Structure formats: C-alpha cells, structure tokens
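K.L.:
When we follow this note's numbering, the leftmost residue of the sequence shown carries the number 639, and every step to the right adds one.
In short, the hints are calculated from the structure, not lab data. Keep in mind that this is a model prediction, so the values were computed, not measured. The beta-carbon is built from N, C-alpha and C at its ideal position, and this holds for glycine as well. Check before you lean on any hint, since a few could be wrong.
Said to hold, decoys possible - Label-pair ranges, simulated between beta-carbon atoms:
1) Lys736 / Leu772: 19 to 27 Å
2) Val653 / Lys736: 34 to 42 Å
3) Lys709 / Lys798: 31 to 39 Å
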Amino acid sequence: MKTRDVSLGAVMCAVIVIMLLIASYLNTMRLSALFLSSLLMCIIVSFSGVKTMLICYGASAILVWLFVPDKGVCTAYTVFFGNYGAVKFGIEKLKNLKKEWVVKIICACVYGIILYFFMYLITGTAILKINFALYLSAVIFAFVIGDIALSLLIGSFVSKIPFRK
639 MKTRDVSLGA VMCAVIVIML LIASYLNTMR LSALFLSSLL MCIIVSFSGV
689 KTMLICYGAS AILVWLFVPD KGVCTAYTVF FGNYGAVKFG IEKLKNLKKE
739 WVVKIICACV YGIILYFFMY LITGTAILKI NFALYLSAVI FAFVIGDIAL
789 SLLIGSFVSK IPFRK
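Given the sequences, and given the hints that come with them, work out the whole structure.
P.N.:
Right, dumping it as structure tokens:
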C-alpha cells in the first residue's frame with residue numbers, strides 16, 4: 639500500500655467522522671451527510687482501490703461508533719452507506735445494465751432488511767409503524783434514486799480529476 643493511499647484513506651476517514659458527528663446534531667443534514675460519506679468511499683475506490691476503501695471503512699466505522707452520539711447515524715453508516723462504495727464497484731464490474739440493476743435491487747432489499755432488524759435490536763421496538771412491504775418499497779425507491787445520483791456525481795466529478803489511479 640502506497641503512502642498516498644494511506645494518506646487519502648486517513649483524510650477521508652477523518653472527514654467522514656467529522657461530517658457524521660456534525661450530522662448527528664443537525665437533523666436536517668443526516669441523510670445528505672450519509673450520502674456524502676458513500677460518495678467519499680467511492681472516491682477512495684477510484685483513487686486507491688477497494689483494499690484502501692475497506693480499511694478506511696473499518697476505521698471510520700469504529701470511530702463513528704466511538705464518537706458519534708446518534709446511534710441511528712452510526713447504524714446507517716455501518717450497515718449501508720460506508721460499504722456501498724465497494725459493493726457498487728463490484729456490481730458495476732458485471733458490465734450488463736440489466737444484471738447490475740437486478741443485483742442492486744436485491745442488494746437494496748438485503749440492506750433494508752438488515753438495517754430494519756439492526757435498528758430493532760438497538761431500540762427494542764419496531765422503528766416504523768408501517769407495513770414491512772411498504773418499508774422495503776421505500777428503501778428500493780430511495781436506493782435507486784441515490785444510486786443514480788451517486789453514479790452521476792462520480793461520472794461528472796471524480797473521472798475528471800487528473801491524478802487518479
């Protein structure tokens with residue numbers, strides 16, 4: 639692992655922890671901070687590879703659980719937003735749009751189920767008083783919109799930076 643990769647991972651890890659710490663105090667910033675943390679993980683994959691991203695994810699997940707008081711933000715980051723950069727990178731290696739979207743929707747369902755039950759274990763009660771199928775539909779819808787936005791951001795910003803790997 640190169641020094642540049644370690645430095646990038648450390649800086650991104652610090653930015654993610656600070657961003658999620660601030661987001662835990664500002665209710666209106668939570669979802670956007672979580673989305674940006676996923677974008678930062680995709681940037682790490684683009685610049686340094688999946689290995690550096692997974693190390694950064696592990697370190698930032700531990701630090702988020704230690705320093706961020708809102709455990710809902712910690713859970714959402716740890717279960718979904720933190721590791722989605724590597725998952726997205728792996729899925730998009732299929733190079734078949736239909737297969738990619740099928741796998742992404744299955745992935746969204748798995749993430750939604752894990753997140754729901756993980757939050758249930760933390761809080762001890764159902765977090766949503768709605769039908770589980772409606773919850774999963776909302777998760778899939780939000781996931782598709784977020785994935786499209788993430789792809790657009792990656793394509794328009796990250797690919798134009800000249801010193802990428």
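K.L.:
Is the distance from the Cβ of Lys736 to the Cβ of Leu772 consistent with 19 to 27 Å?
P.N.:
26 Å, holds
K.L.:
When you take the CB atoms of Val653 and Lys736, is the distance between them in 34 to 42 Å?
P.N.:
Distance hint for Val653, Lys736 holds at roughly 35 Å.
K.L.:
Is it true that Lys709 and Lys798 lie within 31 to 39 Å of each other by Cβ?
P.N.:
Cβ of Lys709 to Cβ of Lys798: about 37 Å, so the range 31 to 39 Å holds.
Hint compliance for this structure: no hint is broken.
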